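Engineer: In case you want the letters, here they are:
Number of protein chains: 2
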Amino acid sequence: MESREEKEKLLRQRGLTIWFTGLSGSGKSTVAIALERELSSRGFLSRILDGDNIRTGINSDLGFSEQDRRENIRRIAEVCKLFTDTGIITVAAFISPSEQLRNMAREIVGAERFLEVYLSTPLEECERRDVKGLYAKARAGKIPEFTGISAPFDVPQAPDLELDTTGLGVDRCVRKVMECIVPKISLRGSDEYK
Amino acid sequence: MESREEKEKLLRQRGLTIWFTGLSGSGKSTVAIALERELSSRGFLSRILDGDNIRTGINSDLGFSEQDRRENIRRIAEVCKLFTDTGIITVAAFISPSEQLRNMAREIVGAERFLEVYLSTPLEECERRDVKGLYAKARAGKIPEFTGISAPFDVPQAPDLELDTTGLGVDRCVRKVMECIVPKISLRGSDEYK
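Residue numbers (my numbering), protein chains in the order written: chain C, 9 to 202; chain A, 9 to 202.
Rather than coming from a laboratory, the hints here were simulated on the basis of the structure. Don't take every hint at face value.
Same chains, same names: a pair is fine if it fits in one copy or spans any two.
The list that follows gives simulated cross-link-like pairs (lysine-lysine, DSSO-like), each with its CA atoms no further than 30 Å apart [said to hold, decoys possible]:
(1) LYS17 x LYS145
(2) LYS150 x LYS184
(3) LYS140 x LYS150
(4) LYS140 x LYS184
(5) LYS140 x LYS17
(6) LYS17 x LYS192
(7) LYS184 x LYS145
(8) LYS145 x LYS192
(9) LYS150 x LYS17
(10) LYS140 x LYS192
(11) LYS192 x LYS150
None of these values were measured; they are calculated from a predicted model.
For reference, chain C alone in the conformation it holds in the complex (with noise of 0.2 Å):
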């Protein structure tokens, strides 16, 4: 079988995971998927793991158990592991609130292909927004165990990127994570990327 350093050569681009930490509105998706446009307009193939694709596919059979939600977590990162194998730009966008739950997805993929960006953005501004209807579901106690309101977040101890998106729009936060990661997905002449 061919070899991670094959595909890239193939796709002129080297496979990462880009893993979004942060609570529920924070930002995680609409960075991610401004960060896929991005990528796209410059030529790198990129994949999109979230909620939508990953919890009604591959771990519809997983409830929010602390059991399950590890084990959502798990797989999320083995496919990770399988997009980045494959020379691809992998960013998945998930809450997984504990250092526990982010060290094993880290040690799944690679740790050196693996890159975690935090979005700090206060739970303050999150509830603010509240884009879903979560947080006042979860301060009604309709929803239990929500990170932020009445379960843990751990903050992140030694994130490779931590964007606040109170103060800093998407294109701000796009272009962070762009000079952060380019010159580990690059492959190509440098001006290439001009």
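Please build the complex by placing chain A on the supplied structure of chain C, with the hints as guidance.
Structural biologist: Chain A alone, transformed into the frame defined by chain C:
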């Protein structure tokens, strides 16, 4: 999030799942690996999924009960769907012994992006090769429910392609698969295929 069509445009190819089914030793992995090489040499990005990267990774929690075998194929098909939706030519090589399992896989991926290739190498030939020594173990009663020996294999009723590797070398098998798939994966000018 980007559509499959946008990914396909970037890759200049169309996503497709090629599902190899057949007995242990029928040539699934051998043909898959040679097919990957041929696709690569023509500039097509593909990804093989087989026992080696699935059973040790995403499906490492599964055993061989009937329920687990079904769950094994369900998850594999979901991974195939994710890759195919990224525009990648996804090559799955699994015994997948029943029509029911293969139909489930086809439904998950989507029939229009799914191609079933039946490796029809007869049991006698597979057992004669016995590359992994599994048939000897199965005959000795050391492997319960071994497909072809103590568990059934449903012959596919309408495979898109049938290959008996007894009389057909790997190169000819690959050529036949390529003839079948190039019209489906092609997004380039026909002169590029020569």
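Engineer: Now look at each hint and say whether the structure bears it out.
Structural biologist: Here's how the hints hold up against the structure:
1. LYS17 x LYS145: This pair counts as neither: shortest intra-copy Cα distance 48 Å, inter-copy 41 Å.
2. LYS150 x LYS184: So LYS150 and LYS184 fail the 30 Å test inside a copy (37 Å) and across (57 Å) alike.
3. LYS140 x LYS150: within (14 Å within a copy, 54 Å between copies)
4. LYS140 x LYS184: Cα proximity of LYS140 and LYS184: one copy only (26 Å, versus 50 Å across).
5. LYS140 x LYS17: Answer is neither; intra-copy 41 Å and inter-copy 32 Å both fail.
6. LYS17 x LYS192: This pair counts as both: shortest intra-copy Cα distance 14 Å, inter-copy 24 Å.
7. LYS184 x LYS145: For LYS184 and LYS145, neither the intra-copy (33 Å) nor the inter-copy (57 Å) Cα distance is at most 30 Å.
8. LYS145 x LYS192: neither (41 Å within a copy, 47 Å between copies)
9. LYS150 x LYS17: So LYS150 and LYS17 fail the 30 Å test inside a copy (50 Å) and across (44 Å) alike.
10. LYS140 x LYS192: Neither: 34 Å inside a copy, 39 Å across copies.
11. LYS192 x LYS150: Answer is neither: 43 Å inside a copy and 48 Å across each miss the 30 Å cutoff.
Consistency note: the structure conflicts with the earlier hints numbered 1, 2, 5, 7, 8, 9, 10 and 11.
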